[in-house]
Structures are given as structure tokens and as C-alpha cells.
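Following the hints, put chain B in place on chain A, whose structure we already have.
Number of protein chains: 2
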Amino acid sequence: MPQSTRSATLDAGPAGPGAGPDPTTAAELAAARRRLATPERLRSFFAPRSVALVGASDSSGWGQFIVASLATSGFTGPLRPVHPTRPTAFDRPTVPSLRDLDEPVDLAYVLAPTRAVEGVLEDAAAAGIRNAIVLASGYGDGGGEQGREAEASLVRRAVELDITLLGPNCLGYVNAAASVAPFGLGIVPPLRRGPLGIVLQSGALTSNVLAFARAHQVGISLLTSMGNEAVITTADVVEHLISDDDTEVIGLFLESVRDAPRFVQLAARALERGKPIVALKVGRTEAGQRTALAHTGALAGDDAVVDAAFRQFGVIRVGSLEQLLITSGLFTSGQVPKGRRVGVVTASGGACDIIADRSTDEGVRIVDFAESTTAKLKAALPPFAAAHNPLDVTGIVLAERGSAQAGLGDVALEAVVDDPGIDFVFNMLALPAAEPPDPSIIERRMAQIATTTQRSPVPIVNFSATCSDLSPFAQSLLDKHGLHTLAGIEFGLTAIGQALRWQETRALDPRPPSTEQVAAPAGLPSGPWSEARSRDLVAASGVPVVPAELVADADAAVAAAARFARPVALKICSAAITHKSDIGGVALGVQGDDDVRAAYERVHAAGRAVADDIEGVLVSPMRAPATELFVGVTVDPSFGPVLAVGLGGVFIEVLEDVSLRLLPVDAAEVRRMLGELRGAAVLRGARGTRPADLDRVAEVVAQVAAAAAGLGPALQTLEINPLRVDGDSVEALDVLVVTNPVTHDPAGAGS
Amino acid sequence: MPQSTRSATLDAGPAGPGAGPDPTTAAELAAARRRLATPERLRSFFAPRSVALVGASDSSGWGQFIVASLATSGFTGPLRPVHPTRPTAFDRPTVPSLRDLDEPVDLAYVLAPTRAVEGVLEDAAAAGIRNAIVLASGYGDGGGEQGREAEASLVRRAVELDITLLGPNCLGYVNAAASVAPFGLGIVPPLRRGPLGIVLQSGALTSNVLAFARAHQVGISLLTSMGNEAVITTADVVEHLISDDDTEVIGLFLESVRDAPRFVQLAARALERGKPIVALKVGRTEAGQRTALAHTGALAGDDAVVDAAFRQFGVIRVGSLEQLLITSGLFTSGQVPKGRRVGVVTASGGACDIIADRSTDEGVRIVDFAESTTAKLKAALPPFAAAHNPLDVTGIVLAERGSAQAGLGDVALEAVVDDPGIDFVFNMLALPAAEPPDPSIIERRMAQIATTTQRSPVPIVNFSATCSDLSPFAQSLLDKHGLHTLAGIEFGLTAIGQALRWQETRALDPRPPSTEQVAAPAGLPSGPWSEARSRDLVAASGVPVVPAELVADADAAVAAAARFARPVALKICSAAITHKSDIGGVALGVQGDDDVRAAYERVHAAGRAVADDIEGVLVSPMRAPATELFVGVTVDPSFGPVLAVGLGGVFIEVLEDVSLRLLPVDAAEVRRMLGELRGAAVLRGARGTRPADLDRVAEVVAQVAAAAAGLGPALQTLEINPLRVDGDSVEALDVLVVTNPVTHDPAGAGS
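These protein sequence lines map, in sequence, to chains A and B. Be aware that the first sequence starts at 1, since it is given in my numbering, and climbs by one per residue. Be aware that the second sequence starts at 752, since it is given in my numbering, and climbs by one per residue.
Incorrect hints may appear among the rest.
[As the list claims (entries may be wrong)] Label-pair distances were calculated between CB atoms; the ranges are:
| no. | chain 1 | residue 1 | chain 2 | residue 2 | range |
| --- | --- | --- | --- | --- | --- |
| 1 | A | E653 | B | D1417 | 40 to 46 Å |
| 2 | B | A1437 | A | I583 | 20 to 26 Å |
| 3 | B | D1260 | A | D438 | 54 to 60 Å |
[As the list claims (entries may be wrong)] With the C-beta cut set under 8 Å, the calculated list includes, among others, these residues of chain B facing chain A:
| no. | residue |
| --- | --- |
| 4 | V939 |
| 5 | A962 |
| 6 | A966 |
| 7 | E1073 |
| 8 | A1098 |
| 9 | D1104 |
| 10 | I1105 |
| 11 | A1107 |
| 12 | T1111 |
| 13 | H1139 |
| 14 | A1216 |
| 15 | D1220 |
| 16 | G1340 |
| 17 | L1406 |
For the record, the hints were derived by calculation from the structure and aren't laboratory data. Nothing here was measured: the structure is a model prediction, and the numbers come from that model. The beta carbon of each residue, even a glycine, is placed where N, CA and C say it ideally should be.
Okay, chain A solo, but in the shape it has when bound (with noise of 0.2 Å):
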């Protein structure tokens, strides 16, 4: 069998080591290299029933890791330890090579030095082994020539082997759903079982992941350390989460994202799935991407971009390690909020206080309790305890534990999960460190909170004051009553608010960029469109454009003005000249006749001085002040065409404050982008201006996106700057295009 998929494999072109990658073989080699990472390769991957380790002996470090781990996830498969010249490791006979095995292992896990691996997988593949780890570093991430070949031949030697590679630099894997962890450092037990899935772009995090989890009752399924990435990708693993039965929520540390439109695909997949994707993506700062750098040797991106893919495609973006996993043990409770109106429950009124202000931080709403909710609360509460929201049963509840009183916390929550008005109840959850002297107080107050929680129509959300550990007692006795706690008010209503917006996000059903490569338009130029061309281009699509007349000579421009409210502009028009104003070539606020005509000739000869490929005089009408937008699409080397929609003046030259989404859009997220701006209130007429049609600017901006998607692969830029605003009148005063050269392929590959 490995033997005739390797042949299949070859078929598709020879790429022996030294022949030279030309496109096509580099084309192949890469949709070779993703045959060995399929979602169905990969679960045969990450379960494997036998492990051998090459190159271990009982005086290495990470092999005594790799062992312990294994034993640490339960793994009872045989492990068979390989060595050219001891006879035993850790208490088993070795082989000298994985060839001298009986039969072959589900997976090998490479411990050889850099200069041995190739040797060892030709060993594995003679053996019939088609997985491998491989620890070594020295290959792409030390950033030399020479380890980026190294890899290069690396990778070569898999595809032609049909080996599934995860690394090299790769610590390993942690598969808690299949029992089986080859991973080289340490994990502390117990390991948790639960549906996470976590994927680490920096293996050395493994055990601040797993630690952090297993203290806050966070189960994982599989957790993988990436490595170089030089067969199996991130992508990859994330594409075979989302359709693996372990896993209910995906959870990233990203240095970079690599191939960007693949991850959206996903992102959108998983979206539609109702998987969440919970991501820690480092490099928001230039200091973080210069260490990313470092660490990777892959480029971080532009962050802005990055930020607002997530933001389209729902993946929500943290920023720590403990929101990493607190946000996805929220999504794993099975107690998800699915609205924003809470009902609190505390036995603190200083508790009450910090949940108001970061309740309203995450646009969490305290509302009114319902008259019948007020009238439960007050025949239960203590006449000082007042019985309104956010609710403080008061310190009673704690001192009269275990006395006639000792159900008021649950009585409070009884009522307040019937209160009409609210989509869900954030109930505080004391629990004691280490199992009291009479547990079945406690233990009756838990059972009692399950039984509301099972009854309550509305999600219970538990949180404690604090992120602190959850003892092992507390976890115990949580666990046997099916509940979950969010670790501290902090993180635990940051969870809330990006599990709010995760799920508003995917009711949107976000449409991802399209995977079809458009054709560009025959007959494009190349480089900056004229503005006369510019604003054909847009009004095409629909876009309305300050009226202009392209003239040749001075009684032609008179003639236009003449046809227009005066006064009027003139703008030199040209390709060649794409700063008018700076060279002279724009003429404002012109009236008269004679005026006109000196204004041309002055734009005219200022335009003649610096380019000889002059097209004309564009005469507009001018307008009156009003909202400014800036509406451009640019190409992210990563991530494709991006729309950035933004008002003029101080808010993008001096707030940058701009909002950008990938194409396309519709005019209903034009809208949303509209709203996401600090300046939103201009629009609305804050400045005492006309407030805007936002549905007439959303069409019309959705329109500019349309033409920019219409230049494929051709387009580089489209700017309108000015766009103009006033009440329900909406005009593109200028349009820049640039586009590429493109190569028109008859086969359309190669672009």
C-alpha cells in the first residue's frame, strides 16, 4: 500500500534532490506535500497504536519526556525503542534501525540529529512507516541558506517517501481523546480529556497550556506543537479538527498565518460549523512581530489585516494565555450566553460593583429585574439585602451556612433563571479549596445548582471572584455535577463578550473570499490609471461621480464650466502624474471665463513640465463642503484584496482610524464598518452637518469594492479620496487606480 501511493506520487513529477524547482514542479510538490496532510492522513496521524522512538537513550532528556508523556496519556501500545549501538532503552531492547522492526509502527518519532533524518525516514518508509515527528532543529527556523535547503530537501524526501512529517523542530503531540502523547517535554498529570483542540505555532507553551487547563477544568482532545511546519501545516491540523468528533472548539497560538486564504477558508468552515476558533496571534506590535520573526523566520503580516480577517471570519482573538483557555472552556461548559441581557447573582456587593463596569466594557447589559422576579427575591433575601440586579444575596449566605438559611443562594438563583428579561445568569461560585468537614452541605448546594441548571431556560454561566486554581476537590466535586466555572470576573466576562460576538458574527454567515483565481480584464495598462480612466472604471460599477468633462484645449474647458454650476475645478489628467496637486496641475474655485482659461493654460503647462503623456483637462464642478470618507482596496500580500473605509481629515491622518475587511463585501458589512468607526458620530451628524444615508454610503462604498474585485489579479490600488457625503447625496470626488501587470495565461495557472 505505501508502496503505490508512493509511486502515485512520484508520477506527478520527479523532484529528485538537486533538480532545480521550477514553477511546476513547485506547484506539484506543494499539492503533493497537502496529500500527506488530508484530514483523513492526519487522523491516522495523531492515533497512532504503535511509536518508535529513533535515536534515544536512557541518558536523553528528551527521550526519558517522550516516554514519560506517553505513559502520562495512558498510551499502552507497543513502544519500541531504535539505537544503532546500545541493546536496551528505558527497560526495552532496541533495534539498531527501524528496518530491523518486525513489523512496521504507526508512527516514528525522530530524535536523530539534523544530519541523520533524511537516512532515518528512508528507513521508515523501507520499514513501511508513513508518520513521522522530527525534533531536530537547524532547518528553516535557524534563518540560514543552508537550513532553509536543508528543509527544502526535507520536504522533497517525505513526498517522495509518503511519509506525513510533522516538524522538523517539533516537540510533538499530546492526543488526550486517543491516549497517546509523543511529546518531548514534560506533562504533568493527570491529562483532561474534553473537547479543545489546541494548536501552538511555539511548543515550549505546551506546558503552561496544559497546566493552565487542567486548573481550570479546560478538557483537551488533541494539543500540537507545529515545528517548522515543513509538511503538516497549521491549516492542515485545523482543517482536520474541524471535522474531527473530539473537538467542539479550536484554540491557536499563531506566530504568523502562513498560507492566509487557505485559514480563512477555514475560519469560515469552522464558523459555519459552529466550531469556535479561540486564537492567541502574536505580532500585534512591531516588537512582536520583530521577535515572531526571529523565532519563525516567517513574516507576521500586517496586523490590522490579520485583526480584521478574525474579526470577518469569527476567529476570536485573545490576548493571553488565560483568556486562550478560559474563552474556550466557556464554549466547552455547554453554558454559552446567546444574548447580551444578564441577570447577576453574587454574595458580594463589591463583586456586583466590578461586574457592572466590565459588564458594560463587553457590552453586557444589566437589566431590570421583572416585577414577579423582585416579589421571589424579596420573600427570600434578608429585609437589608435589596433585591434588584446586579442581585448581592449579601454575606448572610455564607454565615448561616449549613443553617435554615443555607438554601438562599439557590433560591435567588431559582428565581432569577425564570426572570423573563434576561438571556442568561452569571452566577458567583465559592468553592472551598479542600473537602470541608460536613461535604454534603456543599455537595447539596452543587446538586441544586445542576438541577437549575438542567430546568434554567437560559444558560447558567459560573464564575469565581478570582482566577485561581481550581482545587483538585473542587474540580471533583464540579465535575460530578456537570458543571463548569469561568476562572475570575476579569477574564471570565472577556469570555462572555467574545463568545457574544462569535456567535452575532456567525448569525452574519460571513461569505469568504472566493478560492477561484478571477482572470483580469483583457487590455488593462499597467501601473497608475489616469483619473479619467479611474472614474469610467467605478461609475461602470455603478459608483456616482462628481460630474467632469476631459478637455483638450481653453475654449473647451470654458465651454464645460459653462455647462456647470459654477465655480469649477480643473485637474490635469494624466497617468503619468498621480500628486496633481503638488505639481501644480489642480485649479480650485474657479469662475469667470477668463478665469477658466488661465486656469487651464496654468494646469495645462504645469502638467506639460513633468510628463509628456497628457490626456487632457478634467473640469468638475466644485462642491460644497460636507463629510469626507476615504474609501481605498489594496492587496495584503497574504491575505488578498482588503477594503479600508474611513472618514477624511484628522480621523485618518491622525487617529488612523480606519476600518478594513477582506473582499467581498456586501453593503450590509459596509454598513458594520461604518459603525465600527471612532468618527461614527460625523456620519450621524454630530458636527451639526446633515446626518448621512448610511444605507445609501454602504451601497455605494459595496460598489467601489465590486469594481475593485472586477480587476482580478490586475489590481494593486483603488482609491477614492474624497468620497463625498452629504445627507443622502454620495459622490466620489477623485479615483486612483493602479494596477499590475498581469500575464495572460491561456491555461490560467502560474498567477
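Quick look at chain B alone, frame taken from chain A:
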């Protein structure tokens, strides 16, 4: 002794029940109350050697908690239960009343119901007891008139009886330094002693605070819950802690800042003495203010002013309970960074990435290592590790633990602390949860870090990757070697940023507002002033004001206009007209004599139509467009005069981008205010305007502030809008002053 003090208090003015509080008595009552809560009184209040428990039986949950808390704190003094009917309580014989004690105790904890409390206080006084904690609620906390009256009566009784009283509606305190904890909820042992004093305006947070502090190696001196602050106030306790030798750092949970001027004085004193105050002040949002009000009955005040006052006087404002304790913990550690350049040492590239982003957020700079450092690192590190900042010594330190490579992390730390270009080291510390099989390795490592810390020329701030509890083993390790570690990168870097800002604020040595009540100048009007009079006021303080002539007829207007560069502006001048434009009282850009004449008549007529009291018409030269600032001084009901500075236009109208300070401010402080504005780049010439002479702007704004301060208690508003800024030309274009009526009281009291 109590008798004589009591008499002295009574001599100061009788305030028997039912006596209507006329102002003199109220002021004297306040002063008498303050005398009960001096640092001297509080020193003994918080360190009783004997405690009576009044009204607690064995079945009372509160009583059980108090007895248990005293035991947890290590209290070994006499504990005397007092109960009218039961012969014993908590295995001790009771007495029926405090009067029956054979000798006075230092503190009575009063568990009696509200109606019985005053009687118990009388018993206490009769028994020579001068300190009491009152648990009962239903006073001012209830929100009703009856409760407020009961609280006023309680205060008068405490003053009469010379009893220092904490509460009512108060759980008590935990004095770890003095081993005494009369506290009405459970505290989980062990109680960790240390230099952090904590004041909580919500007692129910105590257990959360103590648990989190304990889990993160943060020891406390005194923690007190405040209750209703009827006698002892938060400010009193802060004053006590500032002078308390056991306390080096002060942590606060604040629902409201009750006596804001005194709080500011204390903040300035704490800053000057180098005792950081870290505060979680709730009520940032409308929902938070509503919630805090519901719990305390005290209004939270304008949060923007609270925030400005805190920043101005070095009170570190945090957003979460975790941050309150982690930031406090950094200050207690003795390893506080003094500058912003960091050297980072980790064994995780992923941690480096996160640190790089978060450092940027906090203004911490990851600088390049010196060549000498790089050389030392290269010699020690494996070839695949890069010797740059942030430093990842790679997972090899873990894999080779215990081998020859064991000291790698420490060698790296040794090299980095000596780097001449850094101000502190951020050192990642992975601590085992439980004692490892061979503890000598980690012991050696800790000893090495301790040695390096001792000899290091810069502070070493250790941190863990996530906010996770320190296990008892980890704590014992750290304690043994005198080391501290911050809980996670997220909170840890926030703490570092806060510590750095605190030190920078301290270096500025901010002057608090004067506590002396300045008298208002005689002869001021009350209400809005005319523009002419307003201009004169600020001009007298040195503020440059656009030239203007106040004219009373059209001829004079023409003559005035002739003396200025045309065009000119004409504005109606009347104290009765504050919105001149709205009533047609302004003419702008007037050129010729006839136009001036017509404008005068129009503006004057518009004024006459709405007001009788017209001073005339102001004629001024028009100024060319330039950068415009808003400068205003208003009076906050809690904090007093507040200066607001912002850029005009969208910055103030749409973005509400203002910087606030309490008065007094000098020009240097105003310079910092300008730097805080989001639109600061506009002043630096971002929009093609002349860069502003910021020193000149600051000087003028400080003069405006001085003019406002000179009005003393008469000040209501002083507003310059706009202050025109064009390079080094700074000029007020419009000025408005509004004053309060002031009763001139020769004694200076009652204002």
C-alpha cells in the same frame, strides 16, 4: 482616662439626640469624629490584646467565624463572650453585659441587633472600653431616612462616649502583623504576613482577596473592611497605613471616594513617602456607578475626575482584583524596575512573542543586548538558539535538566543582568507544583537565582507564564531564597507598566491642592460674566487675548475696526447673553465701513431683543484658521477645581478627547496634559499647520488655571473656547467666566 477625654469632647459642643445639627455643631461633630480616628487611636484600635464578643451564641454563624478567624490569626489574648442569657459560648463562660467584665477589653465586637447597639456602646464606655466593631446593618446602607437617622445617632453616641467605631454594617478586620483578626467571615489559613495594607469598601471580597494574595506570595499587614464608615473612614485608615511601620504598600477597593480633598492630600503624602497606593475603584461606567450607589448610598462622582486625580497623585488604578494584588505584590518584592529598558530571559519562544507585544503596550522597551552580552550568551547557548533580546534559551534547558547543561538558564541570567543597556530583567521562572524526586536540582537553581539577584546591578523581576496559584512547595522554595514571582505575563507586564508610571509620577513631586480655603476676591458679580469682563480677568493673569474694543455705537465700531486689520468680528457684550451666536449676536468677517456699521446695528438689535443689560459690542480683528484648543476650569463637587484641556472640533465634540488635572497645575504639568491628547500630533503639525510652541501653550494654559484659582470659592466655570494656537502665537479668542454667589464671612468658616 476615658472619662476625661469624653468630657473634653463634650465640652466642644453638646450634640444630644434630637438636637438639630446647626452648622457649628456639624463641623464640630466632624472634628470630634476625626479625633476618634487619628493614626494614634487607630494604632491601638487595630492591635487589641483582648476582645469581647457581644451578643454571640454558639449557634451564631458570625460568632463562629469571628472565633475561628481570631484563631487563624494566632490571637492568644483573652476572648470574652458576652450574652444576656446563655452561661457559656465557644467553650468560655459568658458575662451578661460588658459592664460585668472584671477588667476592660481593648476591643468589643458588637454582634447585637441594630436596636441594641447603642445600649451596648454605653455598656462598653461604662466598662472603660474605647474600641468597637459594629456588625449590624440597616443604617445608612439601607437607603432609608430612618437608617440615616439611626447612623447619625450612632455617630453622636460614639463621640459622646469616646468610642472609636468601625462600621456599622462591617465585618471587621484582619491584622496579620499583630496576629489578631476580629473578622466575621471565614479566613482560610495560613494567613501570610507581609507589607501590604488593604482597605476594602466591600467586606465580602475579603476571602477572595486573602485567598488570591496567599496563592501569589503576597503577605499582608492589615486588611480591614470599612462598612458604612460612620466613624472610621477609608481616609483615616489610609492615613494610619501611611504611618504604619508594618505597611509598605497600600491596596484599596473603593466604591466611592468620600472625602476627596483629604484623600488627595493623603495620596500625595503616600507618594512623597514612597508608599504606593494601588486602587481598584469601581464606578467607571454608568452601570458601575448605579451599582455602587445601590450598595453604599454614596455617589461615586465623575469617574473621569477620579481617574485624573489618581494619575496626578500617583494612585495606581487597576481594573481587577487580580491586578490589585499582583501589582501590590511587585511593590512588596523589593525588585521594582526603575527604567523602561528590559532584558528578557525565557525558555520559550512563544513567551518571548507575547512579552514583546505586551511590553510595547506598557511602554517597556526590549533593547538590543550589548556586544559583550551577546558574546557571553553565544558561548553558553546551543548553536540553534539566537542570542538576542528577548532571549529564548530554548527547551534544551528543560530537556537537559540535571545534566551538564543544567545551568544554562542561570548562565544566561548572569550574562543579561550585566548588560549595560538595561534597567531590569524579566526572568521567566517555571516552578514545580510538587516536590520533585530530586529537589536538589531546583534548590540549586533557586539558590543561583538568589545569588544573581543579590549581586545584580538591576532588579530581576521573575514571572510565570500564566496566572496560576503558587503551590505550597513553590512558595516554600521562593520564600527560602527570598524570591518573588509575578503571576503571569499578562498581569505581570501590566504591573510593571504601573510601577514605572508610579515612579515617573513620584519624580514629578506633584503639589496637592492647598487645604487652606482661599477667600473669594471682594466685589465679584454672581452668575455669567460679560465677555469684556471675562477677558479682563484672564488678561490680568497674563493670558494673551485677541485685541478688542468695546463700543457703544456704530461710529465707534467703525473707528475701532479701522484700528484693526480687516476683516473684523463684532460680538454683543452682555452678562445676560452667554450663547451669542444663537441669538444672532455675532457678525464675522466684516470688511468695509458700511458693513461694520450694519453689523453693529444688527448685533446690537439682536442683543436688545433678549436682554436689557447690554454693555456694548466688542470689535476684534478676525484671525486666520489655525489649531484651536478648548481650555476650561470647572468645579467638581468632590475634588474641587478641575482643568480640562482638549483640541477643538471633532476631538472634543466627537471623541471627547480631553486631559484633566486638579488645580494647581504648572506649565510642566500642562505640557504633559497636551501630550496625553489623542490628537497630540495635530499640535506637532501633523495636518500641515505650523507646529505649536508647546511650551508657550502650556504657559498660557497655566495662566488660565491660575486666573480660575484666583476666584477662590466664587469659581463656577472659566472657559476659553477657542484658544487659538499658530506656532508660537497663542491667543484666547473667546472667554467666559461664571461665578457663584459667595457670602463673605469674616470668620472664614462655613463656606
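We went through each hint and held it up to the structure:
1. Checked against the given bound of 40 to 46 Å, the beta carbons of E653/A and D1417/B, roughly 32 Å apart, lie outside it.
2. The given range of 20 to 26 Å is respected by A1437/B and I583/A, whose C-beta atoms sit roughly 23 Å from each other.
3. In this structure the hint that D1260/B and D438/A lie 54 to 60 Å apart at CB holds, the actual value being about 57 Å.
4. A distance limit of 8 Å between C-beta atoms decides the matter here; for V939/B the minimum to chain A is near 7 Å, and the interface restraint holds.
5. Annotation: interface hint on A962/B holds; nearest CB of chain A at approximately 6 Å, less than 8 Å.
6. Contact between A966/B and chain A, as hinted, is supported at the beta carbon level, the nearest pair being about 6 Å apart and thus within 8 Å.
7. At a threshold of 8 Å, the smallest CB-CB gap from E1073/B to chain A is about 5 Å, leaving the interface hint in force.
8. Here the hint on A1098/B is kept, as its CB sits about 6 Å from the closest CB of chain A, short of 8 Å.
9. Because the closest C-beta pair between D1104/B and chain A is about 4 Å apart, less than 8 Å, the hint holds.
10. Hint status for I1105/B: holds, given a least beta-carbon distance of 6 Å to chain A, under 8 Å.
11. Using the Cβ-Cβ criterion of 8 Å, the hint placing A1107/B at the interface with chain A is satisfied: the shortest such distance is roughly 4 Å.
12. At its closest, the beta carbon of T1111/B sits 4 Å from a beta carbon of chain A; the interface hint therefore holds under the 8 Å criterion.
13. Taking 8 Å as the C-beta contact cut-off toward chain A, the hint placing H1139/B at the interface holds, the least distance being around 7 Å.
14. A cut of 8 Å between beta carbons decides the hint on A1216/B: the least distance to chain A is about 4 Å, and the hint holds.
15. The beta carbon of D1220/B is positioned within 8 Å of a beta carbon in chain A (closest approach about 4 Å), and the interface hint is therefore held.
16. Because the beta carbon of G1340/B sits about 16 Å from the nearest beta carbon in chain A, more than 8 Å, this interface hint is broken.
17. Among the interface hints, the one on L1406/B holds; its C-beta lies about 6 Å from the nearest C-beta in chain A, closer than the 8 Å criterion.
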